[in-house]
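Using the sequences and the accompanying hints, generate a full structural model.
One letter stands for each residue in the lines below.
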Amino acid sequence: MPVEQRVLGGKIVQPSSRRTSHSVLGNLDWVTVLIYFVLVALGWMNIYAVVYSPDNVVNIFSFDINSGKQLLWIGTGVILMIVLLVVDYKVYEHLAYPIYGAIILLLLFTLAVANPVAGSRSWLDLGGGIRLQPAELAKFATALAISKFLSQVSLRQQKMKDQMVLAAITFLPAVIIILQNETGSALVFGAFILAFFREGMSPLILIIGGTAAAIFILTLLIPKLYLLIGIAAVMGLAMFLDYRLMRRFKTMIALFVLVVGMVFSVDYFVNDILQPHQQNRIKALINPEADPLGYGWNVTQSKIAIGSGGFWGKGFLEGTQTKFDFVPEQSTDFIFCTIGEEHGWVGSTILIGLFMLLLLRIVHIAERQKSVFGRTYGYCVVSVIFFHFVINVGMTIGLAPVVGIPLPFFSYGGSSLWSFTILLFILLAIDANRNRELVR
Amino acid sequence: MNYLENRKYVIQAIFLVVGVVYALRLFYIQVVDSSYKQAAETNAIKTVIQYPFRGLIYDRNGQLLVQNTPVYDLMIVPKEARNIDTLRLANMLEIPLEDARERFKKARAYSWVKPSIFMQMLTTQDFAHIQDNLIDFPGFYINARTARGYPHKSLGHALGYIAEISPKQLEDTAYHGYRPGDYIGKAGIEMEYEKYLMGRRGVKYKMVNVRGIDKGSFKDGAYDTLSIAGQNLVSTIDLDLQAYGEYLMDGAKGSVVAIEPATGEILAYISAPFYDPNLFTGKDYGKNYMSLLQDPDKTMFNRPIMADQNPPGSIFKLTQALIALEEGVIDPNTRYACNKSLVNCHPHPSPLDLRGAVQHSCNPWFFQAYRALLNQGKSKNTFTDTSLGLKDWREQVLTFGFGQKLGIDIPGEKKGVVASTDLYDRVYGKNRWKYSTIYSLSIGQGELGVTPLQMANFMATIANKGYYVTPHLIRSIGENGKPLQENQERHYTSVKPHHYEPIIEGMAEVVRAGTARRANLEKVGIVVCGKTGTAQNPQGPDHAVFVAFAPMENPKIAIAVYVEHGKWGGQSAAPIAGLMIEQYLTDTVTMKAQEKWVLSREYLNIKSK
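Protein chains in written order, with the numbering used here: chain W, 1 to 440; chain U, 1 to 609.
By construction, these hints were calculated from the structure, which means they are not laboratory data.
Among the hints, erroneous ones may be present.
Unchecked claim - Among chain W residues calculated to face chain U with C-beta under 10 Å, some are:
id	residue
1	G340
2	W345
3	I352
4	H364
5	G398
Ideal Cβ placement from N, Cα and C applies to all residues, glycine included.
So this is what it looks like as structure tokens:
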């Protein structure tokens with residue numbers, strides 16, 4: 001890279017652009033920081049809107065209500081991010097495995113000692129009314145470990161053994177979290193597949209995975225017979241159009257048998273293996289109107305809330321559907337309803353736009369890393385945020401099953417906010433120091 | 001490596017596709033498909049406000065002064081009120097069609113979906129009639145709440161009233177938590193003790209279906225809050241005395257304030273003409289209020305605490321004598337001649353000592369005593385001397401509660417006026433006035449303004465021989481509550497207790513053989529100490545004043561009676577005071593002749609001198 005030099009007052013000085021500045025603040029990606037704070041602030045206001053009742057007005061800063069508590073989380077989050085930026089960025093790479101190991105132990109410890117809260121054994125009571133969900137911390141720890149591992153081997157050239165190790169790193173925490181009965185949080189670990197894809201994983205896996213998911217959902221939506229006839233028709237058409245497939249007739253038959261098997265096993269899986277509440281979440285996605293006051297309640301209510309917002313929304317604090325947990329988990333998992341109702345399509349779309357901006361910005365940041373570690377970590381971050389966004393917003397508008405995971409930076413809750421703050425600001429810390437990293 | 005980098009476009013594309021799909025889906029749900037909006041409207045929770053019972057108010061003997069009576073508001077949700085036969089509605093409510101349309105418009109302007117009051121404060125009879133027909137008017141429902149009721153129709157000026165909170169109050173942060181349509185104390189005790197009386201509103205959330213049918217409480221009432229009744233108040237008022245006083249003052253104009261001297265508890269509080277407080281509770285509240293506000297007798301003028309422009313007249317001679325005694329410029333045996341060249345007087349023996357001067361209210365005597373008080377020779381310059389004297393005197397007058405708010409527990413109290421050096425300096429110029437300029441102060445005329453409450457309080461002070469307790473109307477919060485701390489404080493005057501003795505003796509003579517013989521209660525064994533007065537009134541007949549306390553030993557009641565245009569205190573005010581004292585101390589009235597005289601109102605027709 002040619003270094004610009006200028007003669008100033010007889011001395012040769014380095015151009016002091018942000019790019020070459022040595023201060024962390026100078027190199028910090030302020031665009032991301034800005035989006036972060038906008039999301040956090042909007043989230044905070046909406047958390048207040050949820051608890052706001054014209055019959056009993058409480059100050060937004062009051063610690064009796066969620067918005068006041070969230071402010072405390074935001075404040076401590078700011079301290080957290082400063083610490084993350086001040087710490088030597090190399091720590092994250094060097095200590096990736098120890099951090100990961102520690103978190104795994106913490107997860108196991110939690111599983112062993114936690115008192116069940118609503119069936120979930122994922123909360124660690126720290127005393128003084130403060131509770132921690134280590135599953136949230138597992139996200140950034142796993143992302144660090146994955147990045148560290150992938151920076152050592154290339155996914156494309158890796159041996160079977162390396163692939164097994166990578167799968168183990170990714171899914172070990174997920175398994176423990178499932179044992180803690182937090183299936184929703186565990187699903188997040190599947191999102192790392194996006195990072196793997198970027199690092200060289202065969203696209204076939206992505207395509208097969210996507211097709212399988214599509215068949216899975218269609219099985220639940222459409223009667224089995226019609227579905228199979230439809231699939232057979234599509235396959236026949238494909239063979240008719242492409243003679244190469246015709247030649248692989250046996251393969252196609254085998255594929256079809258596989259699909260038939262999958263359709264039936266999905267049916268069996270959903271109806272006989274899944275626990276009732278999990279069944280219900282899936283049924284709610286398919287046909288919420290079947291039991292609007294039962295398992296369809298959340299989806300129905302959240303769609304009504306969002307739908308009633310109209311184009312411009314009802315206005316800040318004017319919502320009627322998103323009060324008093326009318327939609328359950330209003331300030332955590334269903335916070336998007338509040339936006340939908342009070343700020344309408346315009347507000348919802350702006351929020352979606354903000355997330356898009358954030359996601360694309362993180363991809364941009366990831367791509368400008370000189371180290372594989374930094375880049376992979378960037379993609380891990382974007383995968384997790386994207387997954388949360390897809391599921392969280394998707395479930396409120398009936399496009400994704402109801403999985404209890406929060407909307408990043410937005411939902412009420414300290415563990416969630418901290419977890420995403422750590423996740424994002426480790427990336428920003430690495431990014432701010434990227435010029436010190438030698439190109440491999 | 002390059003082709004892997006291109007995968008970032010695939011990933012970005014996935015993001016964007018999801019974003020666009022979500023935005024489109026939201027557009028469908030929020031803008032295209034209207035079924036969700038309908039669902040939201042019908043599948044809503046209805047908020048039912050549980051109005052708390054406002055605290056009751058009792059008199060000192062446990063008689064109910066203020067109660068709650070049920071009233072019914074006809075509510076409307078404009079969105080649901082479709083296809084209404086407006087004419088039939090108007091007929092049912094007995095209002096003109098135009099009025100009904102106007103009310104519709106108002107409700108719609110407030111909110112399309114939120115309920116608002118269509119017609120308020122229907123009586124139980126109206127309610128029964130409307131309730132039967134309400135089925136034909138979707139979007140209308142009845143909201144029951146309570147209004148104030150006053151079983152005895154007494155004490156309106158002290159009790160005050162409640163009314164809908166004003167838009168201005170709603171914007172004020174001091175009224176945080178009130179909502180449009182809430183009732184709030186607007187005057188008197190209702191206003192002063194609002195925070196105790198109001199209680200706390202409860203909220204019930206009910207699920208309703210498409211037809212507005214109740215589907216039970218939302219989430220088993222997990223979010224409901226119970227209303228908490230306001231606290232009851234025990235007043236210091238003696239309802240029997242109050243009612244009897246109002247009976248006597250009916251048709252007259254003026255004030256009566258009676259105080260229990262030892263405690264400062266107000267026993268009777270009358271502002272005449274008075275009004276039935278029930279006028280402010282029905283649906284005609286607005287009309288009644290306006291007509292009272294505009295009436296020429298100024299019914300709404302709260303005379304006992306607001307009428308502070310009238311000089312106290314001769315009763316103020318007592319103050320002058322007390323301060324003169326304290327200053328040592330006179331003693332009980334000081335005699336002055338009734339020198340009518342100084343100031344006019346009426347026929348009586350002369351010269352008199354202090355007791356006699358009080359008994360006969362001798363103007364020249366007090367002229368001379370006050371001159372001795374103001375011109376003590378502290379300065380050789382007579383102007384400066386007067387000024388110094390007046391300054392000293394004023395400070396002492398203030399210790400009697402004159403010229404300042406006493407702090408009664410209802411709003412609107414006026415300070416009154418006590419002449420000051422500043423005032424005269426402004427009017428006449430510094431060192432341009434002396435005793436001969438201001439001598440009318442000596443007999444309670446001139447730059448003096450005293451409220452009837454201050455007069456009664458003055459009597460309580462003399463009865464206590466030197467202190468008063470802040471007069472108040474509420475004894476305690478709750479039936480068994482302790483007296484309020486802020487009403488216990490004693491305020492001492494600058495005058496030592498023993499100086500009160502000769503004054504009290506003189507006052508006893510006033511009633512026994514002086515100007516106020518109509519207040520004499522010796523027949524029932526009560527020695528009344530009193531003083532008459534006349535407040536000069538340039539606009540018409542003078543106002544009559546009589547202040548008194550009784551019995552002489554261990555006084556139980558101090559009273560001030562102020563009768564506008566009553567001319568002489570002894571004629572009009574004294575008998576009212578005497579009758580009320582007898583009523584209070586013995587629970588009966590034996591002086592029927594006096595009562596007849598008072599009720600005849602003949603004293604209003606006596607020709608002025």
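Checked hints:
Contact between G340 of chain W and chain U, as hinted, is supported at the beta carbon level, the nearest pair being about 7 Å apart and thus within 10 Å. With a least beta-carbon distance of about 4 Å to chain U, the hint placing W345 of chain W at the interface is held under the 10 Å criterion. Given hint, I352 of chain W at the interface with chain U, holds; its Cβ is 5 Å from that chain's nearest Cβ, closer than 10 Å. Restraint check, H364 of chain W versus chain U: the minimum CB separation of about 9 Å is within 10 Å; hint holds.
For G398 of chain W, the interface hint holds, the least distance from its beta-carbon to any beta-carbon of chain U being 8 Å, beneath 10 Å.
In this structure, every one of the numbered hints holds.
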